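**Student:** Heads up: the sequence lines are chains A and B, in that order. Under numbering that gives the first Met the number 0, the first sequence has 105 at position 106, and the numbering climbs by one with no breaks. Under numbering that gives the first Met the number 0, the second sequence has 537 at position 538, and the numbering climbs by one with no breaks.
Just to be clear, a hint being listed does not mean it is correct.
No copy is singled out in the list; a pair is fine if it fits within one copy or between any two copies.
[Unchecked claim] Using 35 Å as the maximum straight-line C-alpha spacing, the simulated DSBU-like pairs for lysine-lysine come out as follows:
hint, residue 1, residue 2
1, K293, K188
2, K293, K371
3, K317, K387
4, K549, K317
5, K387, K374
6, K374, K549
7, K703, K504
Hints in this document: simulated from the structure, not taken from any laboratory. Since the structure is predicted, the reported quantities are computational estimates derived from the model, not experimental observations.
2 protein chains.
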Amino acid sequence: MPHSPAPAIPARFALLDAWWRAANYLSAGQIYLMGNPLLREPLALEHIKPRLLGHWGTTPGLNFIYAHMNRAINARDLDAIFIAGPGHGGPGVVASTYLEGTYTEVYPHISRDTEGLKRLFTQFSFPGGIPSHVSPETPGSIHEGGELGYSLLHAYGAVFDNPELLACCVIGDGEAETGALAASWHSNKFLNPARDGAVLPILHLNGYKIAGPTVLARIGDEQLTQLMRGHGYEPRFVSGHDPALMHGLMADALDASLDAIHAIQVEARSDGLGQRHRWPMIVLRSPKGWTGPKTVDGVRIEGTQRAHQVPLTGFAEKPAHIALLQEWMQSYRPEELFDADGALRADIAALAPRGTRRMSANPHTNGGLLLKNLKLPDFRDYAVAVPKPGAVDAEATRVTGEFLRDVMRLNAGERNFRIMGPDETTSNRLGAVFEATDRMSSAEILPGDDHVAPDGRVMEVLSEHLCQGWLEGYLLTGRHGFFSCYEAFIHIVDSMFNQHAKWLKVTRNIPWRRPVASLNYLLTSHVWRQDHNGFSHQDPGFIDHVVNKKAEVVRVYLPPDANTLLSVTDHCLRSRNYVNVIVAGKQPEAQWLDIAAAERHCSVGLGIWDWASNDNGVAPDVVMACAGDVPTLETMAAVDLLRTLLPDLKVRVVNVVDLMALESPSGHPHGLPDAVFDSIFSTDAPVIFAFHGYPALIHRLTYKRRNHGNFHVHGYLEEGTTTTPFDMTVLNRLDRFHLAADAIDRVPRIRDTAGHVQQHLRDRLLEHRAYITRHGQDMPEIADWRWVRH
Amino acid sequence: MPHSPAPAIPARFALLDAWWRAANYLSAGQIYLMGNPLLREPLALEHIKPRLLGHWGTTPGLNFIYAHMNRAINARDLDAIFIAGPGHGGPGVVASTYLEGTYTEVYPHISRDTEGLKRLFTQFSFPGGIPSHVSPETPGSIHEGGELGYSLLHAYGAVFDNPELLACCVIGDGEAETGALAASWHSNKFLNPARDGAVLPILHLNGYKIAGPTVLARIGDEQLTQLMRGHGYEPRFVSGHDPALMHGLMADALDASLDAIHAIQVEARSDGLGQRHRWPMIVLRSPKGWTGPKTVDGVRIEGTQRAHQVPLTGFAEKPAHIALLQEWMQSYRPEELFDADGALRADIAALAPRGTRRMSANPHTNGGLLLKNLKLPDFRDYAVAVPKPGAVDAEATRVTGEFLRDVMRLNAGERNFRIMGPDETTSNRLGAVFEATDRMSSAEILPGDDHVAPDGRVMEVLSEHLCQGWLEGYLLTGRHGFFSCYEAFIHIVDSMFNQHAKWLKVTRNIPWRRPVASLNYLLTSHVWRQDHNGFSHQDPGFIDHVVNKKAEVVRVYLPPDANTLLSVTDHCLRSRNYVNVIVAGKQPEAQWLDIAAAERHCSVGLGIWDWASNDNGVAPDVVMACAGDVPTLETMAAVDLLRTLLPDLKVRVVNVVDLMALESPSGHPHGLPDAVFDSIFSTDAPVIFAFHGYPALIHRLTYKRRNHGNFHVHGYLEEGTTTTPFDMTVLNRLDRFHLAADAIDRVPRIRDTAGHVQQHLRDRLLEHRAYITRHGQDMPEIADWRWVRH
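Here chain A stands alone, though its shape is the one from the complex (with noise of 0.2 Å):
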């Protein structure tokens, strides 16, 4: 068999260079082989797949790096991970977790001979398979690496709250020119070297993406080492392509970062926070599809961007190629890997770590083996009294505000709770938690900083991609945490949640991985309330985005006042699993639902309110239904518009938190049964929905439901901008006169003999319009209003 010479490995370096040659060889057998996968036959078209898919280019760094890893934690007992930005190298991250015996352990028809191997060549990237990337499915991954930007962001959030460990992240330089990743690098302000662990990064230029030259292989040296102290990092440099000399630097520049990381934390540690330090990161240059093929078809593919994906391909069409596979994969030196039953030889298998400081079996991977419930205290005692409905008003989020200061309070000592929010947790009057808690920096801090310490446990930076991946990161390892944040900018991680609720849907069906702690979303300064900002801050879309993925992995509530936001709240800490999104507004509002009376409706999810309808249960003229804070205020005064015009009419009132339960049964498992959605909201009855986000939402939800026909939507039509609250309302047709007319218009018993009602509600809409643009207010009327008099 042909072999390439081997290199003049170091003797230290022997057995590593061994461990990165299988590593290199069980990767590209993934991409390439169905069968003969220790090439113990000569190499057939019948051994390779039809279809070659997965990404090769920076698949031997990838080895590379978690190799040196493995003597670094040998050396060190280090409580390590890894973290692939490059993600699409999956079959480098398989291989080396298949290496350490982890991966047979989680699934034993993987077994650790050439039987075992050929099912774990054939599964990759294959029709029933495992797919293309460090997906959930690898074990020793909390990061997918699928959209490119995040893994800086979950290193550190793997970190925070975990003073022994390390994670061992590699960006890649394709990576390095997101938006979310050119952020994160600043997080090291947000790290604290004496209560967190540290991350190390390991920045890989291999020069190229797909198909371009990346912008941090271009800029030279010594401008990226300013880039990077620029960032609060010194780089150490490992350059080369001779993994003659590449082991001994790379084993330099591993053990001299890891000394750094030492010294900062024993410093922290013993002496406090003093001066701000550098930290130590590494940048890797080596040739993209490194020991790979160098020329095919006297092209050049190693150290080109035509090592990204499969570098020989057409084996059907040319079967030289399958010589040239022969001869790359054989270069491996296979023979002296694998013994005579495919198992990785022994004096090989003994570099790996042992038991959990595998990093592929390292429990902060699997965050729900880890984790522990939040303490909670009774969300009832933070109720706010609600002697009848309407009578009192409340901010909703400053209620929430104090229950989440006795969540920190009560959690303090686990350490295991975090807020997050982009600059913004006061501004969205969640000001209690700093009773309990600061806002984290371990950057300079000034005399006139408000609630700023090192020791803080409210995370806030604005960026709403940092919030997003530092949660991410945190709670797949194992914690908790609550995201608050502007409605309409929650947008700007679109993405991530994407990203997010995929991995959790995937993890539900894999069995040894645990549930972790939801990820759940307030947001908050809402599309209604945009007073000082006007339209660029008005979108309440992000949920019609998140009820798109599977409907076991999301849920979305919009409690109309502020017993209702605890209950929601409460529930939703306690939960797993999930995406929740709540809405609910910061200003103040009346109050509808004492606190008995709140859990109750959330519990359901949509009730009649009774006290607030006069059909007496039977055959309404018109359901009033409202979602959300503002709808619920709206609906509330047109109700009491109807009901003292028009007495006769018969109105059920009928408001929604759980929006998910307008969906049938077989869209979400929160969805009512149709007999109960039909009681509700009656079969025939016109049901004039004031809702808090765009219409055809609820059409979209309910459009199976029997009434469907009658469903009359209010809701946000992106009109309106800085002007006043109720002004907002009447903009997008949602305020009370607009409700009520159109109640009116759906009931011909009524509509033909109102039209002196209409008439009134179309005059008093114009006298307010016209206060409001001559004194820039709402009327003291409609500020003032009240639901007293039923």
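Start from chain A and add chain B according to the hints.
**Tutor:** Using the frame of chain A, we list chain B on its own:
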């Protein structure tokens, strides 16, 4: 009247300082006053707005920079525009444009006298007035700055291909924490000083966001310098608070920066692009709320986060605050600034640049003024010959790539067309454009690079944020562009799309804003063909997100083949003021329509494919509808099965290109009239609708249609990963067998007798899946299936 002691302003800056004071005075006036604009009577509660809305903190700094830019424009006859990253400093930019006279030119009722001042003040953040940000209503603005992160991208986009243009871009230190902004510093590697203009970034460190300190304000000048040098900039620092010193420092820094830009441009334009230069930038450290109240009620305001919005409030409860406000506003000495009639004094007004040299009147900021139609080749010349539907295969995007190549060639002289893509132009099979131009890079270029040159017109960077932001800036300054992207990852810019769509919606109602070219997305490498990447790369939901925006600005197209894609692309490149979303695959797929038929089909938007139907245009048993290339293929194969197995079944085939044609005419201008819709989809036949995206979107668009209750939509269900193309459709029940079975099931006349056909379909489906699982590829009869027998 109480005066602050006048600072000892150097004589050469006396008038400039007066301008700045005037701008600050007008800014405070906008936030606070609705009467008594020049304080010529004692300030009283009735003069103060009842609701105080706006942001003071950033405003004086913006005014300072604007005034200094004007000095430089006059001195150097610069062609410059102003980008206010902290767009919530709207009152400042509005004030400056008013001082320049432009505001009154476009809004004559905001006259340059006392009455005009009163109107200027009152309208700000007032119902029926203007919003609080640097919104489209602001002359000279191409950047609202409501959602933070995009200022530097808009600045670069504006100066591409505008060699004489300078964009002065103010970046707040809050904004600098966002992902998009962090990545966008690297834009300088995509700017060619020989053919493009220049951006002068001014990082405005006022130290605080809404509540917390900012990252870049707390890393020290040394580290910040390293960071900026690492990004390829040479920072100059202007730090302080005493205007007597600050004017000189700012003028010197600005002059040195402009000299440096000039030198870079001269060198690049005479000697060619040689060494990479560091571009100048300025770091301005000034207090938040500079020149505003120092303390209020004993609490420090200036220089703290408390200056962020409205520093003085509560006038009704605290009448003493009225005096504080009067004192603050009079500290600007309005009596020295405005004449008896309320006009800016002539000597101060003379500081404004002349005509279009005013940044507020620069035609680049009203791009439609400069917009030239693209020269377009006849798209019919690129048509795929389709002798018979389904007879040939083609790669739709590859064909359109040839069209785009010639668009590039025809407009090379005008230099007004660019293609954006996150490193995916070749992957998305638009590679023909590289016959006409290259990838753009002004960084180091190596021999092995594939079509990379500093004169390239294809902008490739692995950041959807950068592609989107550059393109927005390019379009808003009157040019054309085309953005191709992997479908799943366009969600990364959901929120940027939001802001651009909102901008377009508002500009449609501003008479002086001229229409700009549409923002054209080609979403490819779509959900159904993620062969290499799997689940993380599957998300067709961007179109759900898009249709939430105003119907007047959004268009969505799903051309089923190459010729329809050509027709749609041609249409989109001609359109104005829209966001056009085109979804089309890149893989070899069956072709259905010759170019004449394609053009007819696209002009209506949807239609019956008579040649595929056997209902002779009357009373179909079932309508087989489809939208998208893969759904069309599966629908055609399903129709093939149905017509073969059940020749008596009357099948009508409807294909939808223009998704909004499904919407009611009241919902979207493209919506088909109900009568036409009913004639196509019938009013009673079952409609089996195979859809590219999430099924709910079709329900949401059609729920008002008469036959909606009979729509049965098949689409993406968040199932499948790296598997075969056909298996992807099976896992999501979009395949031919599921479609045919569903059709049979919905026609009672057939259903009850076609049990054997249903069994046959089930058997064949199982047979296919077994083959796929065994062989890793689709059975040849699937891959080679042709619509030929009919």
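**Student:** Which hints from the list above does the structure break, by number from lowest to highest?
**Tutor:** Going through the list in order, the structure violates hints 2 and 4 and respects the others.
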